[in-house]
Amino acid sequence: MVLFVKNTIEQNNSKQPLAKNEYVVQKGDTLWDIGRKYKISTRSLAKWNGMAPTDPLMPGKTLVIWVDEASDEQKRDAIMRTLTYTVKRGDSLARIAQKFNLRTSDITKWNNLNPKKYLQPGQKLTLHVDVTRLRNLG
Numbered sequence: 844m845v846l847f848v849k850n851t852i853e854q855n856n857s858k859q860p861l862a863k864n865e866y867v868v869q870k871g872d873t874l875w876d877i878g879r880k881y882k883i884s885t886r887s888l889a890k891w892n893g894m895a896p897t898d899p900l901m902p903g904k905t906l907v908i909w910v911d912e913a914s915d916e917q918k919r920d921a922i923m924r925t926l927t928y929t930v931k932r933g934d935s936l937a938r939i940a941q942k943f944n945l946r947t948s949d950i951t952k953w954n955n956l957n958p959k960k961y962l963q964p965g966q967k968l969t970l971h972v973d974v975t976r977l978r979n980l981g
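Our numbering puts the first residue of the sequence shown at 844, with every later residue one more than the last.
For the record, the hints were derived by calculation from the structure and aren't laboratory data. No experiment lies behind these values; they were computed from the predicted model shown. Glycine included, every Cβ here is placed at the ideal spot set by N, Cα and C. Please note that a few of the clues may not be correct.
[As the list claims (entries may be wrong)] Keeping only pairs whose Cα atoms sit at most 20 Å apart, straight-line, the calculated EDC-like set for lysine to aspartate or glutamate is: (1) Lys959 <-> Asp949; (2) Lys880 <-> Glu865; (3) Lys960 <-> Asp934; (4) Lys890 <-> Glu865; (5) Lys890 <-> Asp872; (6) Lys890 <-> Asp876; (7) Lys952 <-> Asp934; (8) Lys863 <-> Asp973; (9) Lys882 <-> Asp872; (10) Lys863 <-> Asp876; (11) Lys904 <-> Glu865; (12) Lys904 <-> Asp876; (13) Lys870 <-> Asp898; (14) Lys959 <-> Asp934; (15) Lys960 <-> Asp949; (16) Lys967 <-> Asp934; (17) Lys967 <-> Asp949; (18) Lys882 <-> Glu865; (19) Lys880 <-> Asp898; (20) Lys952 <-> Asp973; (21) Lys904 <-> Asp872; (22) Lys942 <-> Asp973.
[Stated by the list, open to error] Derived CB-CB ranges, DEER-like: (23) Thr873 <-> Gln966: 49 to 55 Å; (24) Arg924 <-> Asn957: 23 to 29 Å; (25) Lys890 <-> Ser948: 26 to 32 Å; (26) Asp898 <-> Lys952: 42 to 48 Å; (27) Gln869 <-> Asn955: 45 to 51 Å; (28) Ser884 <-> Gly965: 43 to 49 Å; (29) Thr873 <-> Gly933: 45 to 51 Å; (30) Gln966 <-> Gln869: 48 to 54 Å; (31) Ala937 <-> Asn892: 25 to 31 Å; (32) Thr925 <-> Trp891: 30 to 36 Å; (33) Thr951 <-> Arg924: 17 to 23 Å; (34) Asp898 <-> Gln963: 50 to 56 Å.
Let the sequences and hints guide you as you build the complete structure.
This is the structure:
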């Protein structure tokens, strides 16, 4: 069977950045089969696509699939930039990590930080950011 998948990376409202895949349904596909392939539940797959888990799939329909990790193609297309971020009042490691689609553990490692200590306004942090994963920094 030939699979047609379009990969993009976006940020959603959850704490974890996710990779968005678009899958074109082929004859004989079921939510269960697609869910197994991407290691996601049929309930989640149906929810992301405005369907009930028991709805039939029509060949040619494009489904949105959110996965925890970017595909090899997405990783290969990454554009990495190193930038210096100045901590603002109210910032936290978690908030900065979410804003730039990073892990708090990576920020801690890159900057030799104690994760139990508060960041200070004006403090400079080095971030290694994949600019293809950013949507809106506002």
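Can you list which hints this structure breaks, lowest number first?
-> As far as the earlier hints go, not one is violated by this structure.
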